[in-house]
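From first to last, the protein sequence lines stand for chains A and B.
Those letters in the first sequence? Residues 1 to 91, per this note's numbering, in order.
Those letters in the second sequence? Residues 1001 to 1162, per this note's numbering, in order.
Hints listed in this document are in silico derivations from the structure and should not be mistaken for laboratory results.
You may find that some hints are simply not true.
[What the hints assert, rightly or not] Rough simulated footprint, nothing fancy, chain B against chain A, three-plus residues with beta-carbon under 8 Å:
no., stretch
1, 3 to 10
2, 16 to 22
3, 32 to 46
[Stated by the list, open to error] Derived DEER-like restraints, expressed as beta-carbon distance ranges:
no., chain 1, residue 1, chain 2, residue 2, range
4, A, I84, B, V1061, 22 to 28 Å
5, B, T1152, A, S4, 43 to 49 Å
6, A, R27, B, G1014, 45 to 51 Å
7, B, L1025, A, S2, 29 to 35 Å
8, A, S2, B, A1149, 45 to 51 Å
9, B, L1145, A, V6, 34 to 40 Å
10, A, V6, B, A1139, 19 to 25 Å
11, A, S2, B, L1074, 42 to 48 Å
12, A, R27, B, A1131, 29 to 35 Å
13, B, A1102, A, S2, 46 to 52 Å
14, A, S4, B, L1145, 17 to 23 Å
15, A, R27, B, A1139, 45 to 51 Å
Every residue gets a Cβ at the ideal spot worked out from N, C-alpha and C, and that includes glycine.
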Amino acid sequence: MSLSLVAVFFVAAGLIAVGAFAAAWRRDMTAALAGVPLMFAGAGVAFAGVARFAAAGGPQLFGQEFAVVLAVAAAALLALGLGIAGREGQR
Amino acid sequence: MDSLHAIGFYVSSGVSLAGALGVALLGNRDVRGASMAVVGVGLAGVYLSLSAGFVAAVALVCYAGCALLVASPLYRPMASVVGSRWRQVGAIGAAALLAVLAYSAFRGEFVHANFYGGAFGVANLGRLFFAHDALSTEALAVLVLVAFAGATAVWRVRERTR
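Take the sequences, apply the hints, and build the full model.
See below:
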């Protein structure tokens, strides 16, 4: 059994599409916001995969760096979005 | 890459995709939060099988925070003003996005790049964060600060108006 960049891209595509589906389909705004970290997760997987396979036999730092940035940004954006949505929901 | 890494990758990606479907489809808030935690665990496994241990640890922490936020009862539900027709259009658009990305994935062997950033390790990753890409790190720190200060301010205003 082997692993290729195509398999990594498939997983990334699945995460991004499921996140987009959640953001579009959910009627509740706070539930729809949960799709944003899923899309960020897909992008992070794609970055880490490209860095892993493009730098075969070498270092893989840049993609991993961007994956860290995306994970932290996902958590921050979800916190801000839920705060704003909760505030709007009070009216 | 050996088969152990490949098996770990496929199992972890299945776990993360199952959790993502739970986030998208399940109705209960607690279950959605648990599904987000499952996404984090699967994502950490995917990163580990891609030899990105530090990213796996960061993703685990960040998605645990996301799970707590999603499952929190402090946020009231807010009904969207978008009609059902546009939601259906959005769902079809997500399916089209999946088709386009899957087609792009078939063409994924185009990557032929070299990286000259030094040896792998947390110390070198820290050098990238705080020296080479310090500006993007600062921008991310500002985003996190604004997010949490904004959430705190919103929360305080809401408590005061009760």
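Verification of the supplied hints:
no., hint, result
1, 3 to 10, "holds (count 8)"
2, 16 to 22, "holds (count 7)"
3, 32 to 46, "holds (count 8)"
4, A/I84 / B/V1061: 22 to 28 Å, "23 Å, holds"
5, B/T1152 / A/S4: 43 to 49 Å, "45 Å, holds"
6, A/R27 / B/G1014: 45 to 51 Å, "28 Å, violated"
7, B/L1025 / A/S2: 29 to 35 Å, "32 Å, holds"
8, A/S2 / B/A1149: 45 to 51 Å, "47 Å, holds"
9, B/L1145 / A/V6: 34 to 40 Å, "39 Å, holds"
10, A/V6 / B/A1139: 19 to 25 Å, "32 Å, violated"
11, A/S2 / B/L1074: 42 to 48 Å, "46 Å, holds"
12, A/R27 / B/A1131: 29 to 35 Å, "46 Å, violated"
13, B/A1102 / A/S2: 46 to 52 Å, "20 Å, violated"
14, A/S4 / B/L1145: 17 to 23 Å, "40 Å, violated"
15, A/R27 / B/A1139: 45 to 51 Å, "33 Å, violated"
Of the numbered hints listed earlier, those contradicted by the structure are 6, 10, 12, 13, 14, 15.
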